[in-house]
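Asker: Produce the complete structure using the sequences and hints provided.
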Amino acid sequence: MRVEIQGQHFELFPERAALWTEKSVLICSDLHWGRENFLQKFGMAIPSHSFEMESEILYHLLKSTGARELWILGDFIHHPKGLDADLLDRLHAWLLSLQVELKVEVAFVPGNHDRKFKEWAANLPLKIHPEGIRSGDFCFLHEPPLERTNNDYHWYGHLHPSLRIGALFGNRKIPCFLIRRREAFLPAFSRLAGGATVNFIPSDRIFGIAEKQVFEWRSKS
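Numbering (the numbering used here), first residue to last: 168 to 388.
Among the clues, some could well be false.
[Said to hold, decoys possible] Pairs of lysine to aspartate or glutamate, EDC-like flavour, derived with a Cα cap of 20 Å: (1) K230 - E189; (2) K190 - E178; (3) K294 - E378; (4) K230 - E286; (5) K294 - E268; (6) K190 - E272; (7) K283 - D253; (8) K285 - E272; (9) K270 - E223; (10) K270 - E378; (11) K283 - D256; (12) K190 - D304; (13) K190 - E236; (14) K340 - E378; (15) K379 - E223; (16) K294 - E310; (17) K340 - E182; (18) K230 - E219; (19) K379 - E221; (20) K283 - E310; (21) K190 - E171; (22) K379 - E182; (23) K230 - E171; (24) K285 - D256; (25) K283 - D304; (26) K190 - E314.
To be clear, the hints were calculated from the coordinates, so they are not data collected in a lab.
Answerer: Laid out in structure tokens, this is it:
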């Protein structure tokens, strides 16, 4: 599903990422890797497989789109206590494979879950942008600032937007892309992250993700 924003084109993928076509940049957010490890420390029996599954999904999406860059808009990890030495080694190897095998450069905008990123991300093969990424007329941040200081179009993560679809579809909640006049929100890339049901406004464009497809949702209200 392709959308045009301020003369630029963004391809929305059911894998929960967007491709900025003109820049060849794949954008995602809220991976929350290490979440299982963190919760296991509190006695919760959760199998640790998200990193393997989701890193493979992201690798193949980068390969199939031919993207030259990957921008992660925050919450790369869930908590530093969930990032043990083994996971950190696997994360380093995965990032290196993107550079060596796919020639993809990775940029990272720290989010609220990325505590102590100056410590754990210091030796990872990526570029860190604590103040966000600005390119052309667009600004890419983890979450909306308290006060906007420019007229750029903003892309965010953080919200984990979701859409509740009706009884005809099982009355379930699905992740979605939320496109507004001056800002857009990416769905959480993590399959374990919860979703926030958004109070949509009439001018919103809502793109739900279901059955490995992206579709534009039009409310009857």
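Asker: Would the hint linking K190 and E314 be met if the CA-CA limit is 20 Å?
Answerer: Not OK: K190 and E314 at ~27 Å, beyond 20 Å, violated.
Asker: Check the hint pairing K190 with E236 against an upper bound of 20 Å on the C-alpha distance.
Answerer: The given pair, whose Cα atoms are some 9 Å apart, holds under the 20 Å limit.
Asker: Check whether the Cα positions of K283 and D304 lie no farther apart than 20 Å.
Answerer: 30 Å, violated
Asker: Can the restraint linking K283 and E310 be considered satisfied, given a maximum Cα separation of 20 Å?
Answerer: 18 Å, holds
Asker: Do the alpha carbons of K294 and E310 lie within 20 Å of each other, as the hint requires?
Answerer: 19 Å, holds
Asker: Has the given pair, K283 with D253, been kept, meaning a C-alpha gap of at most 20 Å?
Answerer: 18 Å, holds
Asker: Given the hinted pair K270 and E378, is their alpha-carbon gap at most 20 Å?
Answerer: 31 Å, violated
Asker: What's the verdict on K283 and D256, does the C-alpha distance respect the 20 Å limit or exceed it?
Answerer: 17 Å, holds
Asker: Is the hinted pair K379 and E223 satisfied, with a Cα-Cα distance of at most 20 Å?
Answerer: 16 Å, holds
Asker: So if I understand the rule, the pair passes when the alpha-carbon distance is 20 Å or less; does K379 with E221 pass?
Answerer: 15 Å, holds
Asker: Is the straight-line distance between the alpha-carbon of K340 and that of E378 20 Å or less?
Answerer: The hint holds at about 13 Å.
Asker: Regarding the pair K270 and E223, is the alpha-carbon distance no greater than 20 Å?
Answerer: 16 Å, holds
Going through the hint list in order, the structure does not satisfy hints 3, 4, 10, 23, 25, 26.
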